[in-house]
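Number of protein chains: 2
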Amino acid sequence: MAAKIIDGVALAERIKQDVAVRVRAMPKPVYLVAVLVGATPAGELYAQRQGDACRALGIQYDLLTLPDDVTQKDVKREIRRLNDDPNVTGIMMHLPLPQHLDAPRLQYEIDVVKDVEGVNPANIGYVVYGHTVIAPCTALSVIELIKSTGVEMRGAEATVVGASQIVGKPVSLLLTEQMATVRLCHIATRDLKEHTRAADLLVVAVGKAGLIIADHVKEGAVVIDVGINRITAPDGTKKTVGDVDFESVRQKAGHITPVPGGVGPMTVAMLLKNTLRSAEILFGLQK
Amino acid sequence: MAAKIIDGVALAERIKQDVAVRVRAMPKPVYLVAVLVGATPAGELYAQRQGDACRALGIQYDLLTLPDDVTQKDVKREIRRLNDDPNVTGIMMHLPLPQHLDAPRLQYEIDVVKDVEGVNPANIGYVVYGHTVIAPCTALSVIELIKSTGVEMRGAEATVVGASQIVGKPVSLLLTEQMATVRLCHIATRDLKEHTRAADLLVVAVGKAGLIIADHVKEGAVVIDVGINRITAPDGTKKTVGDVDFESVRQKAGHITPVPGGVGPMTVAMLLKNTLRSAEILFGLQK
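Chains Y and W, in that order, are what the protein sequence lines are.
42 is the number that my numbering gives to position 42 of the first sequence; each next residue is one higher, with no gaps.
250 is the number that my numbering gives to position 250 of the second sequence; each next residue is one higher, with no gaps.
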């Protein structure tokens, strides 16, 4: 039997509607400032779309653009100014930064509560400590997508493929928090298939089209594909695919996310949900 | 063939001797202040031994004892004062704290570089980010003990039993940093034996005597026993044992740590090594 397709677009839409209702019920405005270092057309377009997504939910949004030769010290000063501004409820910083800037040290400067992307190392540490304040958006999306299937995470065998700082490691921590038994695989894993075939929950975040085929997957597994790859089909057309060979794996899995339309839209929704959460904590409406 | 016993006492001694040499070569004193909230005889004895261990290596040591009804705000103020004191190169806080205090929030106040125990959530996050400043001592001990065997960690199958915040999770992160494929097991794991038998590197940190017997262990594995349990033998005598049934497992493992004499002494040594490292970073001698 073919897998159920997990509809990330519909789930993201429901989350955004819920956020919009709660934003409008807030005593004070929810206000996100995004920092963009070095304006590129792609970066600005992305930021513009993000601003539109915020405003559609009633979240105020501003983009702070800094020149691409800005110093570490000056970025730090701008972040501190935003931390101290009582009207600003959320802060995010677009990546990648120019080479001369140290991203983790700057992310560390973002106020723990205003850090809507959950990228301050302290927020990652609070996840490890089981005292989550704001968790990273993509990792949260993976958990929400699994939750939407109704499959029990507690005691489940979970395998995460790809041990990146922003996805693989945080996902494995959040899965552990959900009491799954987690295996974290990566480039040095000797026998990847042994680990993926044991997984009730398989999360793939490598960035390599076609990495996971049906033979890697356990019958009935939940498969979450975080990969986003642009490939050229034999007929010359370009398309976006994940790390999972969707057509073969969907014949074997129990649930699967498509690419596009799975993790991608959910990550945007979770950023907006985190933005709401930051404001709720700041306003004393949540712990 | 019986396993090689990993001598944690001897390894700790070598590390301490190296620390002593480097402390004496420092341009300024290395100075650790330990915070103890609520003086108990056990806490004070422990702190006194710690002070002796520091002074033996040329590290200055002071114990700051606060009353057990001290407020969160006052502890925070004391920590900030130590952060700002240029003579203080390292800060640690004895746990457990009284119930009314929030340990992670206080650990978060400790300056990232002066945090010799590596318990500030930001330091845990930097480990996740692969930008380790100071890592947690017990987790570091586990890595050093494995390194001392000469067994390659890259690509090895590693299983960590016990997903605690201070040991299990940080150990699994450090093993991932070493490029092992890591499984993190805990109370909700369905079939523990399946995971432990697959392990080239088996780390056990649960706190349950006799949890791991020979049947759980792969032939030739490296077994690191973090457990410390006080048990009463059939003849009424009390003794300290780990989580691993040493006598049976040593017949099958390749290398094994004893309890006592394995992880315990190493954790003390790694605290001292971290204390040196903090001072070296502060003095600009290390990144």
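Note that these hints are calculated values from the structure, not bench results.
Honestly, I wouldn't trust all of these hints.
[What the hints assert, rightly or not] Result set (SDA-like, lysine to any residue): computed pairs, CA atoms no more than 20 Å apart in a straight line:
hint : chain 1 : residue 1 : chain 2 : residue 2
1    : Y       : Lys208    : Y       : Gly261
2    : W       : Lys239    : W       : Ala198
3    : W       : Lys76     : W       : Arg49
4    : Y       : Lys73     : W       : Gly284
5    : W       : Lys76     : Y       : His131
6    : Y       : Lys252    : Y       : Gly210
7    : Y       : Lys193    : Y       : Glu219
8    : W       : Lys193    : Y       : Arg154
9    : W       : Lys218    : Y       : Glu194
10   : W       : Lys193    : Y       : Arg197
11   : W       : Lys252    : W       : Glu280
12   : W       : Lys28     : W       : Glu280
13   : Y       : Lys16     : Y       : Arg197
14   : Y       : Lys218    : W       : Arg190
15   : W       : Lys76     : Y       : Glu109
16   : Y       : Lys73     : W       : Glu194
17   : W       : Lys218    : Y       : Arg190
18   : W       : Lys218    : Y       : Asp191
19   : W       : Lys76     : W       : Leu45
20   : W       : Lys28     : W       : Asp85
21   : Y       : Lys193    : W       : Glu194
22   : W       : Lys238    : W       : Pro260
23   : Y       : Lys218    : W       : Asp191
24   : W       : Lys73     : Y       : Lys252
25   : W       : Lys73     : Y       : Val113
26   : W       : Lys208    : W       : Gln165
27   : Y       : Lys193    : W       : Ala198
Results for each hint:
Between Y/Lys208 and Y/Gly261 the CA atoms are separated by roughly 18 Å; this keeps the pair inside 20 Å, and the hint holds. Between W/Lys239 and W/Ala198, the direct Cα distance comes to roughly 30 Å. Violation of the 20 Å bound is thereby established for this hinted pair. In summary, the hint linking W/Lys76 to W/Arg49 is not supported, as the alpha carbons are separated by about 25 Å, beyond the 20 Å threshold. As the CA atoms of Y/Lys73 and W/Gly284 are separated by approximately 18 Å, the hinted pair is consistent with the 20 Å bound.
The suggested pairing of W/Lys76 with Y/His131 holds, with an alpha-carbon distance near 18 Å, which does not exceed 20 Å. Distance hint between Y/Lys252 and Y/Gly210 is fulfilled; the C-alpha atoms sit about 15 Å from each other, no more than 20 Å. Annotation: proposed proximity of Y/Lys193 to Y/Glu219 holds, straight-line Cα distance about 14 Å (limit 20 Å). Between the alpha carbons of W/Lys193 and Y/Arg154 the distance comes to roughly 18 Å, so the proposed pair stays at or under 20 Å and holds.
Proposed proximity of W/Lys218 and Y/Glu194 is supported: the alpha carbons are some 17 Å apart, at most 20 Å. About 18 Å separates the Cα atoms of W/Lys193 and Y/Arg197, which keeps this hinted pair within 20 Å; it holds. Proposed proximity of W/Lys252 and W/Glu280 is contradicted: the alpha carbons are some 42 Å apart, above 20 Å. About 10 Å separates the Cα atoms of W/Lys28 and W/Glu280, which keeps this hinted pair within 20 Å; it holds.
Using a Cα cut-off of 20 Å, the hinted pair Y/Lys16 and Y/Arg197 is violated, with the two alpha carbons roughly 34 Å apart. Our distance criterion of 20 Å between C-alpha atoms is met by Y/Lys218 and W/Arg190, whose separation comes to about 17 Å. As the CA atoms of W/Lys76 and Y/Glu109 are separated by approximately 19 Å, the hinted pair is consistent with the 20 Å bound. A C-alpha spacing of about 51 Å is found between Y/Lys73 and W/Glu194, which places the hinted pair above 20 Å, so the restraint is violated.
With a CA separation close to 17 Å, the supplied pair W/Lys218 and Y/Arg190 stays within the 20 Å bound. Between W/Lys218 and Y/Asp191, the direct Cα distance comes to roughly 17 Å. Compliance with the 20 Å bound is thereby established for this hinted pair. Annotation: proposed proximity of W/Lys76 to W/Leu45 is violated, straight-line Cα distance about 24 Å (limit 20 Å). Of the supplied pair hints, the one linking W/Lys28 and W/Asp85 holds, its CA atoms being roughly 14 Å apart against a limit of 20 Å.
Our distance criterion of 20 Å between C-alpha atoms is met by Y/Lys193 and W/Glu194, whose separation comes to about 16 Å. Of the pairs offered as hints, the one joining W/Lys238 and W/Pro260 holds, with about 13 Å between alpha carbons and a cut-off of 20 Å not exceeded. Between Y/Lys218 and W/Asp191 the alpha-carbon distance is near 17 Å, which keeps this suggested pair within the 20 Å criterion. Taken as a hint, the W/Lys73 and Y/Lys252 pair is broken in the structure, with Cα atoms around 56 Å apart against an allowance of 20 Å.
Annotation: proposed proximity of W/Lys73 to Y/Val113 holds, straight-line Cα distance about 19 Å (limit 20 Å). Taken as a hint, the W/Lys208 and W/Gln165 pair is honoured in the structure, with Cα atoms around 17 Å apart against an allowance of 20 Å. For the hint linking Y/Lys193 to W/Ala198, the alpha-carbon distance of about 14 Å falls within 20 Å, and the restraint holds.
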